[in-house]
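Need the complex rebuilt from these two chains, each delivered in its own frame; the hints are there to steer you.
Protein sequence lines, in the order shown, are assigned to chains A and B.
Plus 6 on top of the position in the first sequence (first one is 1) and you've got this note's numbering.
Plus 1044 on top of the position in the second sequence (first one is 1) and you've got this note's numbering.
One should not assume that every hint holds.
Derived Cβ-Cβ restraints for the label pairs, each shown as a range [said to hold, decoys possible]:
no.: 1; chain 1: A; residue 1: R226; chain 2: B; residue 2: D1120; range: 54 to 64 Å
no.: 2; chain 1: A; residue 1: A222; chain 2: B; residue 2: K1121; range: 55 to 65 Å
no.: 3; chain 1: A; residue 1: I201; chain 2: B; residue 2: E1233; range: 56 to 66 Å
no.: 4; chain 1: B; residue 1: D1187; chain 2: A; residue 2: A33; range: 38 to 48 Å
Hints were generated in silico from the structure; no laboratory data involved.
For every residue, glycine included, the Cβ atom is placed at its ideal position computed from N, Cα and C.
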Amino acid sequence: MNSQLPIKQTFTKESLKKQFRLSEFLAEKIISSVAFLSIAIIFLIFFFVFKESLPLFSFGNDAKAKTEIQTTTGDKPESYGTITEDLKPESYGSETTEELKPESYGTETTEELKPESYGSEPVSNDDLKPEAYGDTPKEDLSVASSDETMDAVSENVDGADRTWDTFLSTEWIPVSDNPRFGLMALLIGTLKVTIISMLIAGPLAILAAVYTSCFASNRRKEIIKPIIEMLAAFPSVVIGFFAMMVLATFFQDVFGYDSRLNAFIGGVAMALAAIPIVYTISEDALSAVPKTYSEASLALGASKSQTAFLVTLPAATPGIFAALLLGVGRVFGETMIALMATGNAALVSVNPFESVRTFAATIGSEMAETVFGETHYSVLFFIGSLLFIFSFALNAIAEFYVKGRLIKKFQGK
Amino acid sequence: MKDIKIQVNDLSLYYGEKKALKEISMQIPANKVTALIGPSGCGKSTFLRCINRMNDLIPSVSITGEMLVEGVDIYDKNVDVVNIRKKIGMVFQKSNPFPKSIYENVAYGPRINGLKDKGQLDEIVETSLRQAAIWDELKDRLDDSALGLSGGQQQRLCIARTLAVSPDIILMDEPASALDPISTSKIEELVHELKEQYTIIIVTHNMQQAARTSDHTAFFYMGELIEMGKTNDIFTKPEKKQTEDYITGRFG
Ligand SMILES: Nc1ncnc2c1ncn2[C@@H]1O[C@H](COP(=O)(O)OP(=O)(O)OP(=O)(O)O)[C@@H](O)[C@H]1O
Ligand SMILES: [Mg+2]
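The following block holds chain B by itself, in its conformation from the complex (with noise of 0.2 Å):
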């Protein structure tokens, strides 16, 4: 594992007294697709939520330990959480569209961040739209709201606002839980083409998707790690009996 972008050490997360990621310590490779799986309720969600501090927004969570993004630690005091969160996109569960047009939607990223030439914001919809494969199907209705789309078009909506702020990393939190199998087979490509250019960190419960898209894949439990390494080892041969357990299903 070369190419490190993020490295995390005994990072440990508590909600008010409940601690709810213990001690987690792993690295994660640039440009790759990293799968986080687990049973629910192990403390996935929380870990990703930690990589673009949106944990701050509750305010009984205290966290310690560190968090290295291209060895920064994004918790140190002098860094500023809304530059960390335009280099650390994210991607909800539930699609998320704003209650705008689909332009807008789109458009929101670059806007807040000082661009206001309307030929580039239409250049930079379009492009984000492309890679999200979503451009055709959308290209003829850019000024209905994103509200009136299917939940499968708003989520590669959501990917695309996301693209169109040109992070570095990109987090989805179970981004096909609420699909069809064409519409998650469309973002399952699309992951596996925007890992050319950013990296990728994935939850999901389904474990033929994590075997499909991802290169790595990391298996939580109870808030602990419990084992990490490339998605074919874990897969095929892995090292701890709760992981083997989990993936044929045999939990419990």
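The following block holds chain A by itself, in its conformation from the complex (with noise of 0.2 Å):
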């Protein structure tokens, strides 16, 4: 009788005795080890990344200059929409034959036989293969003189050490007998874009994610939400076109500047990018705000926009400022973008309707054509672990010291 019964809760050593609970062990294991897995891709690809660029930091290193190779070269950016050929040295092993196969396609070409190796070296073998390419709109193509190639060879065998004083300098020819590899005119590139592109982002996505969360009736904000979103889902290479087909030619008939593709229209089209990104992010940050915010400014005898922005918009601050930095992370390493309408010459002014080049776009359109070990090919990769440690940077400062302080401004201590 008594067993079926049932049981009775007694507070006994064996009743209270710790279980093993399979699913929850199986749950927290697979849980974790998925989240440690995407952490160490993270930093895999990172290290994949630094490693290419491994060779620059070997300094005074013989054998890595020997393998540099000299290809051919042009000095200056020059115009677009002409073809231009790049010949570019592949070297294989240690073969030792050579042969030149200049091959010429389209109308205007300029061809150049390339002059083998240097050094103590007899390894190296080039196969050039000219190669051309449309009216992209690519600098480091261009014509060059075939006497160039020769003096130069003398000239790069210190390797290493001259590849990193070049950093500095605000030149960017990677290709050439004397190649400088300036890495400041990159960078002044991509951040002058950025900052053109989250100029005009930030102030219009914000503004906008306050007229949905904070004016616009619910209807509104149901249909205006996810339009802004769509725009976020639109490939960058499309908004690159229109911006290197539409923006240009209106800008330039607007300010009436003289490279059609420059800074200012690359930070136009980006903000195209990044907005839907920094609209949304902003918009939840404005409506996880509670009501009883904006109601007590209201009871007050706030006006609606005196709340939007004195309350709620500050109460909201470290959200739109992770939207803002999401915002720049995709500007900075946005490539396809930059690639189509920045116009992709390294200059280095203030002017913002000047032509630039940014980091994403030097490894975007440099890395096919760079030859494997070659120094070329290092500093696109430490360019590349450059855009990492940046956005490690940023996010890092963001979250340490600048969120911080923002909260103290406007939130109190």
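Here's what the structure looks like:
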């Protein structure tokens, strides 16, 4: 009879014994391994990118210098829309045959025959494969003169040290007898585009977010929000194309500057890409501000806009700050739009209507043409590492320093 | 009842189709405390929010009837809602200080009214906090975040914030419902002192509180005003049976 009754709960040592719950245990393990895996992947990517740039850090290493291969070049970015050729050497193992295969495409071509190896190493062979590019705005491809090729041969032997010296220069001429890797020029270009686009995207996106969350009727909000969010799914190549074909012409008519594609156009186009991100996250941050705050403000006789800008917006500062950061991240790493709309000339100036070349665009356009193991190749990976480090640093600064200060400023200690 | 501050004529309020207030008519005297009592869901908060038009914020609300404050219908098309709310302050059931410093919370109201002078602001902040009986507790930490205060302190800070814009009428929706007896009695004392200068309307579920603090009491039931009169009369010899049942706790 007793056995049929439900077991009475008693507090014995037995009934309180620790139990092993398999499903919980597994879930926990799986979740944590997935989490760590994703963290590990991020670090692995960084490590890989950084590893490829390691040769840059082997100062005074002769072997390195010797493998450097001179390539054809031009110094100055030139016209767009014309066909130029780039002659690319590629080295294969230790084969000693050389072939010269100049081939010309299109109508206007310049050809160059590549001289072989330098220094004492008889190893490298150059396979010359001129490639023609259509009307891609590309600067590193340009007309080269064959006499230049010869002089530079001797200059390039001290490798990594010299490469580092050129980092601070303002010239980005990676493919030359005397290559210069002026990261400064690229950094300034990147910053210029980023600043321009955030100056446009930041206010627009935040004001749009304030409008939808504080002013618009529910129905309008339900229409506007998804539409702006849809913009986020736009392929950047489409935005780049739009900027190149439409915006460039339009703004050239308005401002009348010389180079059609420039930092400003790039900035505007990237703003188009950044707005949806900044908007969405700002809007979420604003909507997450408790209604009681705005009610309190309205009950004190504040107008709608006073409430929005003096109460709701400050209360959402951390979220909006995060939104801006993500926007900066997006613009910083944006490659396709930069390639298509910035003009891609590594010019250093304060004029927003000059062409610039960004880090990401540099990697995007040059990686396919560089030679594995060459300095140029390493430099490109080094730039990749820089992009990584920048975004890490940006987030770290934001998380630990700026955010705390902002919160203090707007919300009291 | 001379000196009528608010005259309500046949006020009805709908949430969409649902009629939440049914033809309310009443008079609220100036410089007195009026308590609104009634079971949960009977429309006390709804009615209170009508007085400073906070219900405008809810899209589905529609209102008929008149709400005359000093003879002016506040639902008239030409009346600016912002100006009404400057005159009619509100303290909410759940304390809701801004996520700003204590000082900024109190200075907010004067600031939005265009007051910039630091000295004057300091003065207003101090007098408001003093009036709300919280100055001594907070005077050394005015720059701290208001969110770090205790619930009772937050509620009194909210009262100070309301006083800082020197309204005419103060609406309080269960201001002490989440507070301990000590904070509650502080707020009750405060209400008592404030009625010299302000007309106060207070919603409460606490019969003793209504009896202690108010001069007049209105009993709501199912969106209707059942009875209104001097607090003493309502609590000792109510005219309606429902009122008596509710007050004595024999409701249902
Ligand atoms: N925003 C709203 N939309 C629709 N109906 C609402 C809304 N707010 C309140 N109501 C309804 O109106 C009626 C009155 O609500 P109200 O908040 O005024 O009650 P109350 O008397 O303040 O109750 P309590 O004492 O619990 O605060 C309730 O039936 C409630 O469900
Ligand atoms: Mg209520």
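Hint check, failures only
1, 2
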